[in-house]
Amino acid sequence: AQSVTQPDIHITVSEGASLELRCNYSYGATPYLFWYVQSPGQGLQLLLKYFSGDTLVQGIKGFEAEFKRSQSSFNLRKPSVHWSDAAEYFCAVGARNTGTASKLTFGTGTRLQVTL
Amino acid sequence: NAGVTQTPKFRILKIGQSMTLQCAQDMNHNYMYWYRQDPGMGLKLIYYSVGAGITDKGEVPNGYNVSRSTTEDFPLRLELAAPSQTSVYFCASSYSSVGDTEAFFGQGTRLTVV
Numbered sequence: 002a003q004s005v006t007q008p009d010i011h012i013t014v015s016e017g018a019s020l021e022l023r024c025n026y027s028y029g030a031t032p033y034l035f036w037y038v039q040s041p042g043q044g045l046q047l048l049l050k051y052f053s054g055d056t057l058v059q060g061i062k063g064f065e066a067e068f069k070r071s072q073s074s075f076n077l078r079k080p081s082v083h084w085s086d087a088a089e090y091f092c093a094v095g096a097r098n099t100g101t102a103s104k105l106t107f108g109t110g111t112r113l114q115v116t117l
Numbered sequence: 370n371a372g373v374t375q376t377p378k379f380r381i382l383k384i385g386q387s388m389t390l391q392c393a394q395d396m397n398h399n400y401m402y403w404y405r406q407d408p409g410m411g412l413k414l415i416y417y418s419v420g421a422g423i424t425d426k427g428e429v430p431n432g433y434n435v436s437r438s439t440t441e442d443f444p445l446r447l448e449l450a451a452p453s454q455t456s457v458y459f460c461a462s463s464y465s466s467v468g469d470t471e472a473f474f475g476q477g478t479r480l481t482v483v
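Here the protein sequences come in this chain order: S and Y. For the first sequence, the residue numbers in our numbering are 2 to 117. For the second sequence, the residue numbers in our numbering are 370 to 483.
Don't read these hints as lab results, they were simulated from the structure. Treat the hints with care, as some may be off.
Stated by the list, open to error - In silico negatives: residues of chain Y with every beta carbon more than 10 Å from chain S:
#, residue
1, Lys-383
2, Met-388
3, Thr-389
4, Thr-481
What the hints assert, rightly or not - DMTMM-like mimics (lysine to aspartate or glutamate), calculated; alpha carbons at most 20 Å apart, straight line:
#, chain 1, residue 1, chain 2, residue 2
5, Y, Lys-413, Y, Glu-448
6, Y, Lys-378, Y, Asp-395
7, S, Lys-104, Y, Asp-407
8, S, Lys-50, Y, Glu-471
9, S, Lys-50, S, Glu-16
10, Y, Lys-413, S, Glu-21
11, S, Lys-104, Y, Glu-471
12, S, Lys-62, Y, Glu-471
To be verified - Between beta-carbon pairs, the in silico distance windows are:
#, chain 1, residue 1, chain 2, residue 2, range
13, Y, Gly-409, S, Glu-21, 39 to 45 Å
14, Y, Thr-439, S, Ser-19, 20 to 26 Å
15, Y, Pro-452, S, Gly-54, 43 to 49 Å
16, S, Gly-29, Y, Gly-409, 22 to 28 Å
17, S, Pro-41, Y, Pro-452, 44 to 50 Å
18, S, Gln-43, Y, Thr-481, 32 to 38 Å
19, S, Pro-41, Y, Pro-377, 24 to 30 Å
20, S, Ser-40, Y, Gly-385, 43 to 49 Å
Quick reminder that beta carbons are idealized off the backbone N, C-alpha and C, glycines included.
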């Protein structure tokens, strides 16, 4: 079964600083990988996804993530954080080609705080 | 375009009461899902549906029931509410299987059982 680990529960960065949120996954084959963001009181919104091809993927709001098969990682990055990026971020892995509805397995989330 | 709409947004239940959480989507998605979110635990899948009339259990189905009579609606029923069901509930939908494509989430229902 697949699993996702987000080792950082809470991260604080200054506005304008760079950001990297860590995500490690466990899956028997090449996974589908996702990053979702949850703003306070809101549902989850897709930031970006990796299915195949270029291992560096671009998402919305200036985020990017890099798939590293050798490290089983899919870390999220942003070169310059804005105060509006304060939210909770979830990494998720989807099963492929299961023959039935595949499912998302979520990590436990990383809460990002941005100081001004 | 409303997307995924959940009602109510907040609810307090007494132990043993029952209620239905409503979820509707207007994107003509076949796949719909119910998750619960507990602090520090991420999201856990309760039930899902791949189309009208077809539902199946997720990771944590005990204490819940679902039905899918139309493509648009996917209500979640809580029978005999227990404190362990205090959580935030999210409904989601997707065009195809959620592990393969983007899922669209509602804003959530915060449920407290006292």
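Hint by hint, here is what the structure shows:
1. No beta-carbon of chain S comes within 10 Å of the beta-carbon of Y/Lys-383; the shortest separation is about 25 Å.
2. With a least CB separation of 20 Å from chain S, Y/Met-388 remains clear of the 10 Å interface cut-off, as annotated.
3. Non-interface call for Y/Thr-389 relative to chain S: holds, since the shortest CB-CB distance, roughly 19 Å, exceeds 10 Å.
4. The Cβ of Y/Thr-481 lies farther than 10 Å from every Cβ of chain S, with a closest approach of about 15 Å, so its non-interface assignment holds.
5. Using a Cα cut-off of 20 Å, the hinted pair Y/Lys-413 and Y/Glu-448 holds, with the two alpha carbons roughly 19 Å apart.
6. Straight-line distance between C-alpha atoms of Y/Lys-378 and Y/Asp-395 comes to about 19 Å, which keeps the hinted pair within the 20 Å bound.
7. Of the supplied pair hints, the one linking S/Lys-104 and Y/Asp-407 holds, its CA atoms being roughly 18 Å apart against a limit of 20 Å.
8. Proposed proximity of S/Lys-50 and Y/Glu-471 is supported: the alpha carbons are some 8 Å apart, at most 20 Å.
9. For the proposed pair S/Lys-50 and S/Glu-16, the alpha carbon gap of about 25 Å is over 20 Å, so the pair is violated.
10. Taking the CA atoms of Y/Lys-413 and S/Glu-21, the gap is near 25 Å; set against the 20 Å cutoff, the hint is violated.
11. The straight-line distance between the Cα atoms of S/Lys-104 and Y/Glu-471 is roughly 12 Å, inside the 20 Å bound, and the hint therefore holds.
12. With a CA separation close to 16 Å, the supplied pair S/Lys-62 and Y/Glu-471 stays within the 20 Å bound.
13. Restraint check, Y/Gly-409 to S/Glu-21: a C-beta distance of roughly 21 Å breaks the suggested window 39 to 45 Å.
14. Between Y/Thr-439 and S/Ser-19, the C-beta spacing of about 47 Å breaks the proposed range 20 to 26 Å.
15. A hinted range of 43 to 49 Å for the beta carbons of Y/Pro-452 and S/Gly-54 is consistent with their spacing of about 47 Å.
16. In this structure the hint that S/Gly-29 and Y/Gly-409 lie 22 to 28 Å apart at CB holds, the actual value being about 27 Å.
17. Look at S/Pro-41 against Y/Pro-452: about 24 Å separates their beta carbons, and that is not inside 44 to 50 Å.
18. The supplied range of 32 to 38 Å is broken by S/Gln-43 and Y/Thr-481, whose beta-carbon atoms lie about 19 Å from each other.
19. Restraint check, S/Pro-41 to Y/Pro-377: a C-beta distance of roughly 18 Å breaks the suggested window 24 to 30 Å.
20. Here the CB-CB span from S/Ser-40 to Y/Gly-385 is close to 34 Å, at odds with the stated 43 to 49 Å.
The structure is inconsistent with the numbered hints 9, 10, 13, 14, 17, 18, 19 and 20, although it conforms to all the rest.
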